[in-house]
Amino acid sequence: MDSALFSEELSERKVCVVGSELVENYTVYIIDVTDGRHRWTVKHRYSDFHDLHEKLAAEKKVDRRLLPPKKILGKNSKSLVERRQKELELYLQTLLLQFPQATPTALACFLHFHLYEINGITAALAEELFHKGEQLLQAGEVFCLRPLQLYSVSQQLRLAKPTCCNGDARTDLGHILDFTCRLRYLKICGSRGLVGSSNIQESSLPFDLSVFKSLLHIQISDCSSEQIEGLSTLRTSLETMNVHQSTQSMMSVLVPEAAEFPQWEPEGAESVCPVTALVPVWRQLTTLDLSHNGISCIDTSVRLIPKVEFLDLSSNQLFSVENLQHLYNLVHVDLSYNNLQVVEAAHTRLGNIKTLNLAGNQLQNLSGLSKLYSLVNLDLSQNQLDQLEEIRNIGSLPCLEKLSLAANPMCIIPDYRTKVLAQFGDRAAEVCLDSRVTTEKELDTVEVLKAIQKAKEVKHRMSSGDKKISEDARPPAAPLLCSSSSSLSSSAPPASSSTSSSCPTQQTSCQGNHK
Numbered sequence: 001m002d003s004a005l006f007s008e009e010l011s012e013r014k015v016c017v018v019g020s021e022l023v024e025n026y027t028v029y030i031i032d033v034t035d036g037r038h039r040w041t042v043k044h045r046y047s048d049f050h051d052l053h054e055k056l057a058a059e060k061k062v063d064r065r066l067l068p069p070k071k072i073l074g075k076n077s078k079s080l081v082e083r084r085q086k087e088l089e090l091y092l093q094t095l096l097l098q099f100p101q102a103t104p105t106a107l108a109c110f111l112h113f114h115l116y117e118i119n120g121i122t123a124a125l126a127e128e129l130f131h132k133g134e135q136l137l138q139a140g141e142v143f144c145l146r147p148l149q150l151y152s153v154s155q156q157l158r159l160a161k162p163t164c165c166n167g168d169a170r171t172d173l174g175h176i177l178d179f180t181c182r183l184r185y186l187k188i189c190g191s192r193g194l195v196g197s198s199n200i201q202e203s204s205l206p207f208d209l210s211v212f213k214s215l216l217h218i219q220i221s222d223c224s225s226e227q228i229e230g231l232s233t234l235r236t237s238l239e240t241m242n243v244h245q246s247t248q249s250m251m252s253v254l255v256p257e258a259a260e261f262p263q264w265e266p267e268g269a270e271s272v273c274p275v276t277a278l279v280p281v282w283r284q285l286t287t288l289d290l291s292h293n294g295i296s297c298i299d300t301s302v303r304l305i306p307k308v309e310f311l312d313l314s315s316n317q318l319f320s321v322e323n324l325q326h327l328y329n330l331v332h333v334d335l336s337y338n339n340l341q342v343v344e345a346a347h348t349r350l351g352n353i354k355t356l357n358l359a360g361n362q363l364q365n366l367s368g369l370s371k372l373y374s375l376v377n378l379d380l381s382q383n384q385l386d387q388l389e390e391i392r393n394i395g396s397l398p399c400l401e402k403l404s405l406a407a408n409p410m411c412i413i414p415d416y417r418t419k420v421l422a423q424f425g426d427r428a429a430e431v432c433l434d435s436r437v438t439t440e441k442e443l444d445t446v447e448v449l450k451a452i453q454k455a456k457e458v459k460h461r462m463s464s465g466d467k468k469i470s471e472d473a474r475p476p477a478a479p480l481l482c483s484s485s486s487s488l489s490s491s492a493p494p495a496s497s498s499t500s501s502s503c504p505t506q507q508t509s510c511q512g513n514h515k
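Take the sequence shown: its letter number 436 is residue 436 in the working numbering, and every next letter is one higher.
Don't take every hint at face value.
Unchecked claim - Cross-link-like lysine-lysine pairs, in silico, BS3-like; alpha carbons within 25 Å at most:
no.	residue 1	residue 2
1	71	132
2	61	71
3	61	86
4	459	402
5	371	441
6	419	371
7	55	78
8	354	371
9	454	419
10	70	55
11	61	78
12	213	132
13	354	402
14	419	450
15	70	86
16	371	307
17	43	60
18	307	213
19	419	459
20	43	78
21	371	402
22	14	55
23	14	43
24	14	86
25	454	441
26	450	371
27	71	86
28	441	456
29	70	43
30	132	187
31	55	43
32	43	71
33	55	71
34	55	86
35	402	456
Don't read these hints as lab results, they were simulated from the structure.
Kindly generate the complete structure, drawing on both the sequences and the hints.
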């Protein structure tokens, strides 16, 4: 949407009473309000008009004769309703003409300007912060804003207008700017549908975050990464960032400049290739949660978050694990509910992590996890693991304490728990499997299984040793003494030690035959 949507030439206001409806025993009038390209619907009964008129007459000296009078008899008759509909429309149009610059608060609330129109939205927000802003900042609470509110503030700052339009100091834009400069915890909640009774779609409204100077934590949901401006200005202060249902790539969040400078490099990095931009890193960011998005790959933008310790990429569309070798400080990684079928040589990408969540993928093989020697917690639930032999790949991990294999095909194998625990050998008692502490009975069964396995190994070694001994004791084959025909050699009886003296004679006979 055009960022100048609410510029003065587009913000022509119109109001029309387009119909009515009977609710119980009174008539409600349907009012269409238009401000620029935005339109919304308001419903009021005649008594609401009367209350509005009383306030305007007292506060703004509006002519009391302007509002059509009350009717006692036949107030819901069709002819009266139609006539009053036209009179009320004229009444509202007259008020808008009478107050073209600063709409009175009573009229603005009556027409729901505080919900849908930028001046009304910012005025309502400013007044709220005038009363509660300091208290919220001191309490360190998370403050929630909607994209429509942020959009309205951004547009107000771009327009060459006074910071206070209606003369009420409580609604001055300065209260918002002072609050945003000092706010530390922000939550932005968007929406996918239309806002209220309007035609406003929040996901198409751009907003600027550069007014926030001290943010430590930000959570963004149900927005579009394309509508977020000024996110890069938070690189020096932000410690935690959560973005949900708002992006298709990590790049659009971490390196919004990439759209303008495709050949970028992190600031301070050495590069042999020509670059068009040096991008500052996120200096303080230690927690990044990009779960529940549409991310299909871990791109090179992770080079800008070298201090991240907690990374959540769950519920995305990942097919592989890449580029995480740039994150030397990773401790907790969540890759659950993606499309991973294999994780190869995980130690080369995930370093010394302690917690790894791979639940809800399509893993069948665990060989790539065999060298994660610092791993403490591992969640492999809801995968396609059906072979107990795969557990051997993680059975030797020295620090593993918690393992989840729930909802895998192998779970239906009889004595599944004890057979899995047996793969950990002497550490079976230290492993908590599927959130259940190992019992003494299970440990006894594990010892039996280990003894059986050890006996099998001993028997196998013995059988292998006996086979080797028998092969070593077998006498060497008799040397081939002559190249006589196969019929002669096959018909001759085998030589024994008692007849060894006949060998010279046989040799002579053979030599004679050759001659």
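Status of each hint after checking the structure:
{"no.": "1", "hint": "71 - 132", "in the structure": "violated, 43 Å"}
{"no.": "2", "hint": "61 - 71", "in the structure": "holds, 24 Å"}
{"no.": "3", "hint": "61 - 86", "in the structure": "holds, 23 Å"}
{"no.": "4", "hint": "459 - 402", "in the structure": "violated, 34 Å"}
{"no.": "5", "hint": "371 - 441", "in the structure": "violated, 30 Å"}
{"no.": "6", "hint": "419 - 371", "in the structure": "holds, 22 Å"}
{"no.": "7", "hint": "55 - 78", "in the structure": "violated, 29 Å"}
{"no.": "8", "hint": "354 - 371", "in the structure": "holds, 12 Å"}
{"no.": "9", "hint": "454 - 419", "in the structure": "holds, 14 Å"}
{"no.": "10", "hint": "70 - 55", "in the structure": "holds, 17 Å"}
{"no.": "11", "hint": "61 - 78", "in the structure": "violated, 33 Å"}
{"no.": "12", "hint": "213 - 132", "in the structure": "holds, 20 Å"}
{"no.": "13", "hint": "354 - 402", "in the structure": "holds, 11 Å"}
{"no.": "14", "hint": "419 - 450", "in the structure": "holds, 10 Å"}
{"no.": "15", "hint": "70 - 86", "in the structure": "holds, 15 Å"}
{"no.": "16", "hint": "371 - 307", "in the structure": "holds, 23 Å"}
{"no.": "17", "hint": "43 - 60", "in the structure": "holds, 24 Å"}
{"no.": "18", "hint": "307 - 213", "in the structure": "holds, 21 Å"}
{"no.": "19", "hint": "419 - 459", "in the structure": "holds, 21 Å"}
{"no.": "20", "hint": "43 - 78", "in the structure": "holds, 18 Å"}
{"no.": "21", "hint": "371 - 402", "in the structure": "holds, 16 Å"}
{"no.": "22", "hint": "14 - 55", "in the structure": "holds, 22 Å"}
{"no.": "23", "hint": "14 - 43", "in the structure": "holds, 16 Å"}
{"no.": "24", "hint": "14 - 86", "in the structure": "holds, 14 Å"}
{"no.": "25", "hint": "454 - 441", "in the structure": "holds, 20 Å"}
{"no.": "26", "hint": "450 - 371", "in the structure": "holds, 23 Å"}
{"no.": "27", "hint": "71 - 86", "in the structure": "holds, 15 Å"}
{"no.": "28", "hint": "441 - 456", "in the structure": "holds, 23 Å"}
{"no.": "29", "hint": "70 - 43", "in the structure": "holds, 18 Å"}
{"no.": "30", "hint": "132 - 187", "in the structure": "holds, 17 Å"}
{"no.": "31", "hint": "55 - 43", "in the structure": "holds, 19 Å"}
{"no.": "32", "hint": "43 - 71", "in the structure": "holds, 20 Å"}
{"no.": "33", "hint": "55 - 71", "in the structure": "holds, 20 Å"}
{"no.": "34", "hint": "55 - 86", "in the structure": "holds, 22 Å"}
{"no.": "35", "hint": "402 - 456", "in the structure": "violated, 29 Å"}
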